[in-house]
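For the sequence shown, position 1 matches number 1 in UniProt numbering, and the numbering has no gaps at all.
In short, the hints are calculated from the structure, not lab data. Heads up, the beta-carbon is just placed ideally off N, CA and C, and yes, glycines get one too. Keep in mind that the hints are not guaranteed to be accurate.
Claimed, not checked - With beta-carbon atoms standing in for the labels, derived distance ranges:
| no. | residue 1 | residue 2 | range |
| --- | --- | --- | --- |
| 1 | Gly68 | Ala21 | 16 to 22 Å |
| 2 | Lys72 | Val25 | 24 to 30 Å |
| 3 | Ile27 | Lys4 | 37 to 43 Å |
| 4 | Glu31 | Lys2 | 57 to 63 Å |
| 5 | Asn61 | Lys28 | 17 to 23 Å |
| 6 | Leu71 | Ser47 | 46 to 52 Å |
| 7 | Met20 | Lys81 | 17 to 23 Å |
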Amino acid sequence: MKFKHLLTAAALVALSSSVMAARPVSIKYSEDIVLDDDDVYSYYVVSCSNGESKDISAWDNRKTWCVGKGLKEDCSKKQIKTAKQVCR
């Protein structure tokens with residue numbers, strides 16, 4: 001009987017944590033932007049499952065993905081990792 005309750009509780013905790021976390025639904029390219037120092041980055045908009053839209057930037061020919069529009073801070077090498085990060 002205790003095992004059944006423990007199993008049910010564990011399943012509910014796993015379900016509630018996955019439901020509450022927002023996830024990226026789509027990543028849409030917006031535009032390429034050229035800066036004053038001839039540096040170029042691509043601007044993308046991430047749509048999250050909670051209805052919010054967030055900005056990410058791709059630098060170095062999409063080798064580096066960063067949080068925000070035109071910011072080179074808080075970056076990773078994978079687009080999906082950055083998209084998940086902004087949707088949290």
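Status of the given 17 to 23 Å range, CB of Lys28 versus CB of Asn61: For Asn61 and Lys28 the Cβ distance comes to about 19 Å; the hint holds.
Hint check for Lys4 and Ile27 - Cβ pair distance inside 37 to 43 Å: 42 Å Cβ-Cβ, so the 37 to 43 Å window holds.
57 to 63 Å as the expected CB spacing between Lys2 and Glu31, which holds or is violated: Once the Cβ atoms are compared, 58 Å apart, the range 57 to 63 Å for Lys2 and Glu31 holds.
Outcome of range test on Cβ distance (Met20, Lys81; 17 to 23 Å): At 20 Å between Cβs, range holds.
Gly68 versus Ala21 beta-carbon gap, inside 16 to 22 Å or not: 20 Å, holds
Cβ separation of Lys72 and Val25, checked against the hinted range 24 to 30 Å: Holds, at about 26 Å.
Outcome for the supplied range 46 to 52 Å, where the beta carbon pair is Leu71 and Ser47: 19 Å, violated
Taken one by one, the earlier hints fail for this structure only at number 6.
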